[in-house]
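**Student:** Please model the complete structure; the sequences and the hints are all you need to start from.
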Amino acid sequence: MGAGVSEVAAPVLDVARIRRDFPILSETVRGKPLVFLDSAASAQKPVQVIEAMTDTMRRQYANVHRGLHWMSERTSDAYEGVRDKVARLLNAASRDEIVFTRNSTEAINLVAHSYGRGVMTPGQAVVISEMEHHANIVPWQMLRDAHGIELRVAKITDAGELDLDSLASLLADGRVGLVALTHMSNVLGTITPAETIVSMAHAAGAKVLLDGSQAVVHRRVDVTALDVDFYVFTGHKLYGPTGIGVLYGKHALLEAMPPFMGGGDMIGTVSFEHTTWAEVPHKFEAGTPAIIETIGLGAAIDYVEAIGFDPISAHEAALTDHALARLATIDGLNVLGRAQQRGGVISFTLDGAHAHDVATLLDQSGVAVRAGQHCAEPLMRRLGIHSSARASFGVYTTEQEIDHFVDALDGARRLLVA
Amino acid sequence: MGAGVSEVAAPVLDVARIRRDFPILSETVRGKPLVFLDSAASAQKPVQVIEAMTDTMRRQYANVHRGLHWMSERTSDAYEGVRDKVARLLNAASRDEIVFTRNSTEAINLVAHSYGRGVMTPGQAVVISEMEHHANIVPWQMLRDAHGIELRVAKITDAGELDLDSLASLLADGRVGLVALTHMSNVLGTITPAETIVSMAHAAGAKVLLDGSQAVVHRRVDVTALDVDFYVFTGHKLYGPTGIGVLYGKHALLEAMPPFMGGGDMIGTVSFEHTTWAEVPHKFEAGTPAIIETIGLGAAIDYVEAIGFDPISAHEAALTDHALARLATIDGLNVLGRAQQRGGVISFTLDGAHAHDVATLLDQSGVAVRAGQHCAEPLMRRLGIHSSARASFGVYTTEQEIDHFVDALDGARRLLVA
Amino acid sequence: MSTDATTLYQDWVLARARAPLHAGRIAGGVTGVAENRSCGDSVRFWLKRQDGRVVAARHETEGCAICQASADLIAGLAAGLNEDRLATLWEEACGVLESGVAPAGRQGDAGMLLGVFAGVAEYRARHRCAMLPYQAYEQAARAG
Amino acid sequence: MSTDATTLYQDWVLARARAPLHAGRIAGGVTGVAENRSCGDSVRFWLKRQDGRVVAARHETEGCAICQASADLIAGLAAGLNEDRLATLWEEACGVLESGVAPAGRQGDAGMLLGVFAGVAEYRARHRCAMLPYQAYEQAARAG
Ligand SMILES: Cc1ncc(COP(=O)(O)O)c(C=O)c1O
Ligand SMILES: Cc1ncc(COP(=O)(O)O)c(C=O)c1O
Chain A
1 MGAGVSEVAA PVLDVARIRR DFPILSETVR GKPLVFLDSA ASAQKPVQVI EAMTDTMRRQ
61 YANVHRGLHW MSERTSDAYE GVRDKVARLL NAASRDEIVF TRNSTEAINL VAHSYGRGVM
121 TPGQAVVISE MEHHANIVPW QMLRDAHGIE LRVAKITDAG ELDLDSLASL LADGRVGLVA
181 LTHMSNVLGT ITPAETIVSM AHAAGAKVLL DGSQAVVHRR VDVTALDVDF YVFTGHKLYG
241 PTGIGVLYGK HALLEAMPPF MGGGDMIGTV SFEHTTWAEV PHKFEAGTPA IIETIGLGAA
301 IDYVEAIGFD PISAHEAALT DHALARLATI DGLNVLGRAQ QRGGVISFTL DGAHAHDVAT
361 LLDQSGVAVR AGQHCAEPLM RRLGIHSSAR ASFGVYTTEQ EIDHFVDALD GARRLLVA
Chain B
1 MGAGVSEVAA PVLDVARIRR DFPILSETVR GKPLVFLDSA ASAQKPVQVI EAMTDTMRRQ
61 YANVHRGLHW MSERTSDAYE GVRDKVARLL NAASRDEIVF TRNSTEAINL VAHSYGRGVM
121 TPGQAVVISE MEHHANIVPW QMLRDAHGIE LRVAKITDAG ELDLDSLASL LADGRVGLVA
181 LTHMSNVLGT ITPAETIVSM AHAAGAKVLL DGSQAVVHRR VDVTALDVDF YVFTGHKLYG
241 PTGIGVLYGK HALLEAMPPF MGGGDMIGTV SFEHTTWAEV PHKFEAGTPA IIETIGLGAA
301 IDYVEAIGFD PISAHEAALT DHALARLATI DGLNVLGRAQ QRGGVISFTL DGAHAHDVAT
361 LLDQSGVAVR AGQHCAEPLM RRLGIHSSAR ASFGVYTTEQ EIDHFVDALD GARRLLVA
Chain C
1 MSTDATTLYQ DWVLARARAP LHAGRIAGGV TGVAENRSCG DSVRFWLKRQ DGRVVAARHE
61 TEGCAICQAS ADLIAGLAAG LNEDRLATLW EEACGVLESG VAPAGRQGDA GMLLGVFAGV
121 AEYRARHRCA MLPYQAYEQA ARAG
Chain D
1 MSTDATTLYQ DWVLARARAP LHAGRIAGGV TGVAENRSCG DSVRFWLKRQ DGRVVAARHE
61 TEGCAICQAS ADLIAGLAAG LNEDRLATLW EEACGVLESG VAPAGRQGDA GMLLGVFAGV
121 AEYRARHRCA MLPYQAYEQA ARAG
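Chains as they are written, first to last, in the UniProt record's numbering: chain A, 1 to 418; chain B, 1 to 418; chain C, 1 to 144; chain D, 1 to 144.
If you are wondering where the hints come from, they were derived from the structure by calculation, not from laboratory data. You may find that some hints are simply not true.
Derived contacts from chain C toward chain A, CB cut-off under 7 Å, selection only [what the hints assert, rightly or not]:
hint, residue
1, Tyr9
2, Trp12
3, Ala19
4, Ser38
5, Cys39
6, Ala65
7, Tyr123
Covered stretches of chain D (in silico footprint by chain B; criterion: 3 or more residues with CB under 8 Å from a CB of chain B, positions within the stretch not fixed) [unchecked claim]:
hint, region
8, 7 to 18
9, 43 to 50
10, 119 to 132
Computed from a prediction, not measured in an experiment: that's the story for all the values here. Every residue gets a Cβ at the ideal spot worked out from N, C-alpha and C, and that includes glycine.
**Tutor:** Listed below in structure tokens is the structure:
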């Protein structure tokens, strides 16, 4: 495990109290209490986030940046205050290194577009890996096809870890401009060795983007300690609203990059002949931002920081151990990946049963899991499967829920695999 | 006035009842009741919108499209249901012609990027006008600089209307690929003759994009009657949340366009060598969408449709008439533009007083107006001014508020212009 | 309204999925394929015609139990019904997917197909699983 | 905490904005310019030095009353104080912008500048109006 992902202490998390913060957890589904094991796709929202958003809309709202009046000033303060919070969360050197986007996907596209087309030159290469989410594959393919950048794919081991030899050989010719890798796989749960990746890449003259969509939910991330060049995450997986994501970029890199989209707020001065850009990070935030959602993200960050990342990591590690132990008792069940360092995400197949049927039968028991390709079709191909089911855990997940899930899964197996 | 903007009937709107739907209107600012005349920058939100969003987060939330379980199915239904609502709102031929974006700015950038670079060819031209918002200027400048597209600027008359002779002469050589114009000016209030623009452009072989950010709030828009090729608007000005906007595009055009961003949800099948795209409109919606905000936009559309566009237009026309009459009594006050067709937006300067000072003094009376360049720097230059103040009206604005505003404005004048 | 496990995954559905009657290929037959890209499922249909009529139908299906059963039932029906009657039955099946109610008293593969569709009705995300095979059939039918 | 109209727009602020004492250019002086792009305001400063000391300062300001008054006060101070003392005063003024409280008993242009800054403190969007002139001054100072 790299620096920037803190070692797990063992403080215990008061799950019962946490669950009271999430109104949706008292809902029933098909007559059964909801057991939500799909947090890796999108997490549920605590009242603190819901209230931050409603308070904004009920009490203190106007467009930001452009207004001189009280409501606009106050809303701008709240909006810009979240930039400080995100900078603290990631331990960025400066708030100006935080760009707000819609989600991780847009953040990666921004880099692929602006750094890729604006700074990289044809003939250079981008390295990704076999275990990337489509969000960290397709933008680079589009860059390849539009701008003559080579796309190289680092292998993973059969255990589902990044193959560092493969990475080293891809870096060897010095033509790699950017290494873009997941910090935690949304399928295998694997946490990648960020510090090693960064030092290997830097030694070869390449910059590094880490896709922290999953990692940031489970561990404390320190971009300064990691010395990573770009880091992205998405609000809705961190118990925040949809519509808001984050790009961290080192100041000098952001400065060197041309803007991505044009419009209000990202300009210095506009004439028809010539337009100048605003300072970083505003250069990358065209138009009215997702004001209410950004404020919601701020509340989500406050929420997870109040719980603390050490208890969160410890809780998820305990749940994952428990789930892996219980799943091992089910005949014909195969867990995908067996990385040393892993987060609270478990994908599996069941011999003789299709993931869709498994998911529907679990849904009939109130258990929400994901089934399919998890936006990682090339990884499915690498693993030699068409699809899998995935259970993923959040701060509100309990051991009892995992037991209920495993029992329901065993029932599904008995029905489907006769 | 063109087809697609319906004639105004005279039904009266129950403003007192409407105001009760907007909690923020009972707030005070600097000890005075809030008089919010900055709706053109961003409108306030009714409880119906707030509750649609909180209900989603409290009762029925999961990521969309990818899930087989109950929460995901239901959330997908709610999300996709809003696409139907938007299609009905604009009278689009099909729901597949509705693409969700963050805001108008992203919608225009999407077209500039995907239609501009993917379909238009170097040597073609884009026509905009002197009264565009930066959102409808800068993306085309970026296209010009990156892709060899000429940028042509149609003049406006001294009354602040689109100069149709100028437009005709710019279209004459047949090299214009796209005419991108505002449907209603955010500074002058001018409603442009959309039907005439479309028929002139089509006769010259050009497609048309209308920036409906302001227009859609004030009048019923019918994209089919207008025969317009692209139409964009932004949720937060239509009493909806931030973080959600709309691009309407004719199906055949959207089909012909390459994607804008890459990632999950917008793909058909992914391999490292070759990726295929999902069907329109999903091809243009990469990553987890703004689910909660889209559902909020749906509630906003229900809200304005329940009031009805005829009463809304009539109400705003009455307020605008009243405000113009009262403003005419203030010494040295100049209203910008005097278009025949106009919406509820009035910009003005005051001889001997700077817009900033005016805005601050109004703010001290609880009145929120905008002051500055209104993201339309070239228009300010065309009008020969550095900045102006702007009052804009919404469904909740009352005649009393306008009287209060005009009185406060006169007080500011007496103080500043001695 | 709620369907429990036994209604959707009835014995005969699972049996048909596990041991299809019409799996395989037809040498020299026309063929069509359909894929559900979101889960990797795919169905390939083979049809053989004589005097314009379909006299044999086979499928190769990679998919869930619902998709497997639906494919096998459609293959059985394709060789037995003429194309118009199969198209009519298909419309009826799509109606059942909306209503969730299968008409009473229908026998054989047609009855079973309508039963599968009734069972899957309330799982909207699974509708594509049930419908995929017909797309492959239609493609093969057009090809021949 | 609330400042009413008379506190921010006091007579002497408005008077100074309307009839500046130090507006104009200096032939052969060094110059610096600062712009607030969001509203189109701009300030140009001219400085003239003798033996390293600033002996004359003038400004051309296109802007609101706050910006005008601030520019004129800074121009008055620039010719009277040495650069270090003006920099110190500026730091104090920025502090007042945060605190909203001007120190008691300060006289002349310095006292007025601190007064303007105290008045504008709670209008954060207007801080740039008050601060813009100093940026222009600094540029001119560096240029010379
Ligand atoms: C005419 C016009 N176009 C475009 C925009 C941009 O809207 P948004 O900032 O929501 O993208 C606005 C509002 O700011 C506008 O008034
Ligand atoms: C590893 C990883 N990267 C990227 C994404 C994309 O996130 P979003 O859809 O919010 O852009 C996800 C989640 O879907 C993910 O798990």
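**Student:** Each hint: holds or not?
**Tutor:** Checked hints:
1. Tyr9: 6 Å, holds
2. Trp12: Violated, because the Cβ-Cβ distance from Trp12 of chain C to chain A comes to roughly 12 Å (cut-off 7 Å).
3. Ala19: 11 Å, violated
4. Ser38: Hint holds; Ser38 of chain C Cβ to chain A Cβ min 6 Å, cut 7 Å.
5. Cys39: 4 Å, holds
6. Ala65: Since the shortest Cβ distance to chain A is 5 Å, the answer is holds.
7. Tyr123: Interface hint status for Tyr123 of chain C: holds (6 Å vs cutoff 7 Å).
8. 7 to 18: Check passed, 4 qualifying residues.
9. 43 to 50: Violated - the region 43 to 50 of chain D has 0 residues with a Cβ nearer than 8 Å to chain B, which falls short of three.
10. 119 to 132: holds (count 3)
The structure fails hints 2, 3 and 9 (numbered hints given earlier, in ascending order).
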